[in-house]
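Asker: Fit chain A to the given chain F structure using the hints.
Line order of the protein sequences matches chains F and A. Heads up, the first sequence is in our numbering, so the first residue is 1 and it goes up one at a time. Heads up, the second sequence is in our numbering, so the first residue is 1 and it goes up one at a time.
Note that these hints are calculated values from the structure, not bench results. The structure presented is a predicted model; accordingly, all values stated were derived computationally and were not measured. From the three backbone atoms N, C-alpha and C, an ideal C-beta is built for every residue, glycine too. Mixed in with the good hints there might be a few duds.
On the chain A side, residues computed to face chain F include the following (Cβ under 7 Å) [as the list claims (entries may be wrong)]: (1) F104; (2) Q106; (3) G107.
The primary structure of each chain is shown beneath.
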Amino acid sequence: EPEVTQTPSHQVTQMGQEVILRCVPISNHLYFYWYRQILGQKVEFLVSFYNNEISEKSEIFDDQFSVERPDGSNFTLKIRSTKLEDSAMYFCASSRLGGALHYEQYFGPGTRLTVT
Amino acid sequence: AQKVTQAQTEISVVEKEDVTLDCVYETRDTTYYLFWYKQPPSGELVFLIRRNSFDEQNEISGRYSWNFQKSTSSFNFTITASQVVDSAVYFCALSFQGAQKLVFGQGTRLTINP
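Chain F extracted, bound-state conformation:
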């Protein structure tokens, strides 16, 4: 069964460094998302992406963050200058369609980001 994959599974970085988290969505899906989950807390939406542009973003998704679909398969989240509070599990998700239909989103296994 197709699944969303994410790399790396765990990334440790120093404060101020740039990190890129990578995701390969399910191949026939058109909508892509990033969420984060700070340890022990609820899952929070960061950004959604469709047709090569951001369709929605949250207040968390400030200028430090960017997303890109550099080729036909990868979807990346870049954090330009990491802060301690960026430490979290980052989930990538994809859905077959969106718009008015709100299909279910399938999540990857997550990347645990630790900022020291």
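Answerer: Relative to the frame of chain F, chain A by itself:
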């Protein structure tokens, strides 16, 4: 504002007991979608069910069942004859017209003891 409340932070039961996880949502939209996700100890989020606001039929899938009641803005999840493998954090989530994002509740940690 859109909000999902899962008032039960943790539930612990003995195997084979039935257990119900509560979910209450808030939205002004007449069209919205409700979801349940499971997060086992390994950490991934596993999709369980999607429901739209026009479909109030209850759903059963094996030992899992969902009760959607618009009158009380609730979308509760029942596991019948629970098993140790059901131990996980369960999240209820909402999406609404004009937005693709999922708004998650705080989650309920369910522990099934042998």
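Asker: For every hint, state whether the structure bears it out.
Answerer: Checked hints:
Restraint check, F104(A) versus chain F: the minimum CB separation of about 4 Å is within 7 Å; hint holds. For Q106(A), the interface hint holds, since its Cβ comes within 7 Å of a Cβ in chain F; the closest pair sits about 5 Å apart. About 6 Å separates the beta-carbon of G107(A) from the nearest beta-carbon of chain F, less than 7 Å, and the hint is met.
Taken one by one, the earlier hints all hold for this structure without exception.
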